[in-house]
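Peer 1: Chain residues, written in single-letter form:
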Amino acid sequence: MAMNNSNKSKIIYTALAWGISGMIFFPILWTLLTSFKTEAEAISANPSLFMFDWTLENYSDVLARSPYFNHFWNSVVISIGSSLLGLVIAIPAAWSMAFVQTKRTKHLLMWMLSTKMLPPVGVLIPIYLMFRDFSLLDTKLGLVIVMTLVNLPIMVWMLYTYFREIPHEILEASRMDGCSIAEEIFHVLLPLALPGIASTLLLNVILAWNEAFWTLILTAANAAPLTAFIASYSSPEGLFYAKLSAASVMAIVPILILGWFSQKQLVRGLSFGAVK
Amino acid sequence: MGSITLKQVTKTFGDVNVIKPIDLQIHDGEFIVFVGPSGCGKSTLLRMIAGLEDTTSGNIDIDGQDATNTPPAKRGLAMVFQSYALYPHMSVRNNIAFPLKRAKMPPAEIEAKIASAAKILNLGDYLDRKPGQLSGGQRQRVAIGRAIVRQPSAFLFDEPLSNLDASLRVNMRLEISELHKTLDTTMIYVTHDQVEAMTMADRIAVFNAGVIEQVGTPLELYQTPINRFVAGFIGSPKMNFIEVEAVDGDPTSCVGVRPEHLKVTQDKGLWTGKVGVIEHLGSETFLHIHVDGVGPLTLKADGDCPLKYGDDVNLTAPQNKIMHFDAAGKTLPATPFSGN
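Quick mapping for you: the protein sequence lines, in order, are chains X and Z.
Quick note, the first sequence lines up with residues 1 to 276 if you use full-length UniProt numbering.
Quick note, the second sequence lines up with residues 1 to 340 if you use full-length UniProt numbering.
Bear in mind the hints are in silico, worked out from the structure with no lab data behind them.
Where hints are given, some of them may not hold.
As a list, the in silico EDC-like pairs of lysine to aspartate or glutamate whose alpha-carbon atoms are at most 20 Å apart [to be verified]:
#1 Lys130(Z) to Glu169(X)
#2 Lys103(X) to Asp54(Z)
#3 Lys119(Z) to Asp184(Z)
#4 Lys321(Z) to Glu220(Z)
#5 Lys103(X) to Glu53(Z)
Facing chain Z, from chain X, some residues (calculated, C-beta under 8 Å) [to be verified]:
#6 Pro167
#7 Glu169
#8 Ile170
#9 Glu172
#10 Ala173
#11 Arg175
#12 Asp177
#13 Gly178
#14 Cys179
#15 Glu183
#16 Val188
#17 Pro191
#18 Leu192
Cβ coordinates follow ideal geometry from the N, Cα and C atoms, glycine included.
Based on the provided sequences and hints, a complete structural model is requested.
Peer 2: Pasting the structure below:
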C-alpha cells in the first residue's frame with residue numbers, strides 16, 4: 001500500500017530532527033566516551049567509538065590531582081549566589097518597569113539588553129583593575145558580583161515579561177487593601193509570578209554555572225569554579241584529552257541533572273509571554 | 001461618615017485633559033452613579049478618588065480632610081473592580097481576610113467579620129475555594145465581601161457588572177442596591193449603562209469628554225435634561241432628535257421626543273412616515289419609523305401593537321413632552337411646536 005504524503009513528510013521530518021539532535025549531541029557523546037579512554041586511545045589517529053578498553057582511570061586521576069569538590073562548591077556558591085542576588089535586584093526593577101511605566105521604559109530595557117550584545121572583553125580591563133583595587137580577585141564574592149551584573153539584563157527582561165502578564169488591577173486591589181509597595185510585591189506579585197521567578201532563577205543558575213570568560217580571568221586557585229577546573233587540563237604540561245574529558249563530564253553532570261529535572265519549567269519560562 | 005468633595009479637580013495625561021475642572025459634592029450615605037460613554041473620564045475620576053491616579057490639580061476632600069495626596073490605603077475607601085481583581089492564589093476566606101490582616105486585626109475579630117460578610121453575601125459554602133473555582137457572580141460577591149469587611153467610609157465600584165451575563169447583572173444590581181440600604185454607606189458607582197444608573201442611583205452624574213454635564217436624581221435627568229447630550233444619554237430607547245429649520249425669533253435648532261411620548265394618530269399629526277423594523281418585546285413594542293426629511297424615529301408602543309412593516313402612519317407627541325434645543329445643544333424653555 002502506498003504511503004500517503006503526510007506520513008512520508010512525517011518520517012522525513014522525524015529523521016531530520018533526529019539527525020540534527022544527533023549532530024548537536026555528538027560532541028557531548030564524544031567527550032563522554034573519551035573520558036573512559038586511555039590518553040593514548042584518546043589521541044589515536046583511528047579513534048574507535050565504542051570498541052576500546054573502558055577505564056575509570058581518568059576520573060580517579062582527576063579527583064586525585066585536583067580538588068574537584070572545592071571547584072564544585074565554588075560553582076554552586078557562585079551560580080546560586082549570583083542568581084539569588086540578581087533576583088533581589090531584578091524583582092523591584094522589573095516591577096517598576098512593568099507597572100510604573102514611563103515613556104523611557106522601553107528604551108531603558110533595550111539599553112539593558114544591548115549590554116549583553118557587547119563583547120565582554122570590552123570591559124575586561126576596567127573590571128580587572130577594579131577587582132584588583134577592591135581585593136576581589138580570586139574571591140567568590142567577586143565572582144558573585146560579576147555574574148550578577150552579567151546576567152542582570154536577562155533576569156530583568158524575563159521577570160518583566162512575567163510581571164506584564166499579571167493583571168494590574170490585582171496589584172491595585174492590594175494597594176486599596178492597605179499594602180505598601182513592598183507588601184504588594186511580597187504578598188501578591190511574588191506568589192503570582194512564582195513559576196516565572198523559578199524559571200528565571202534556574203536559567204541564571206545554568207548561565208552562571210557555564211560562564212567561563214570571567215571565571216578564567218578573575219579567579220586563580222581559591223575561587224575557581226568548575227569551568228576553570230576544566231581549563232586547567234589544557235595546561236602548559238600539555239593537553240590531556242582523556243582527563244580533560246573526564247573533568248568536563250564531571251563539570252557538566254550536576255547542571256545536566258538540574259536541567260533534566262527542571263526542563264518543563266525552563267521551556268515554559270522561556271516561551272512565556274510569546275503566546276498569549 | 002463618607003462625604004467626598006471634589007474641588008476644581010483636573011487630570012492630564014501628557015497633553016490630553018482627561019478631566020477638566022470638576023466640582024462635585026457627594027453626600028454621606030448617598031448612592032451616586034457616574035455614567036457616560038467610554039473615554040469620558042468617569043473611571044479616571046473614580047480612580048483619582050481612590051488614589052490610584054494622581055490628581056493634576058484641585059483637591060479631593062474625604063470627610064472634610066484633604067486627601068488629595070493620601071495613599072490609597074489611607075483613604076478609608078474600598079474598591080470593587082470590573083475584573084473582580086481577586087487574589088487568585090488565596091482562598092475566598094483569605095481574600096476577604098487580606099485587608100484585615102494588613103490592618104493587623106486580631107484573628108478572632110477577622111473570623112467574625114468573614115462570617116458576617118459570608119452571611120450577607122451567601123458565600124458560606126465557598127470560603128475554602130479559590131477564585132478560579134467560582135462563577136462570575138460568586139467572584140463579584142467575594143470582591144464585594146473583601147470591600148465590606150473593611151467598613152470603609154465609601155465604596156467605589158468600577159463597572160462591577162459588565163463582565164456578567166444579562167440575567168445575573170439584574171440580580172447583582174438588586175443585591176448591590178439592597179446592600180446600600182443595609183449598610184447605609186456612601187457608594188460611588190461607575191457604569192456606561194444608563195439602565196444601571198437609573199435603577200440604582202440616588203443621584204446620577206452624567207459625564208461627557210471630561211466634564212460633568214449634569215448632576216441630579218434619575219427623574220430630574222429624565223424629565224429636565226440640561227442639554228441634548230443628557231437628553232440623549234438618559235432614557236432607553238434613546239430620545240428621537242429632529243433637526244428643525246431656523247425661524248426668526250426662535251432659537252430652536254432641534255427638538256427631541258422620547259419614544260414613549262411619540263404616538264400614532266389618525267389626524268394629520270406632526271410627522272408622516274412608514275413603519276420599518278418592529279421589535280416585539282412582549283410587554284412593549286419598538287417601532288422604527290422612517291420619516292421623510294427627518295430620518296428614522298423610534299416609537300414605543302403597547303405589546304399588542306397591530307401595525308405591520310410598510311404601514312403608513314401619522315405621528316404626534318404632546319406639546320409638553322417635546323423638548324427644544326438650541327444650536328449649541330442647550331435645552332430651551334418649551335414653546336409650541338407645529339412640525340417641520
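Peer 1: Could you work out which of the previously given hints the structure breaks and list their numbers from low to high?
Peer 2: none
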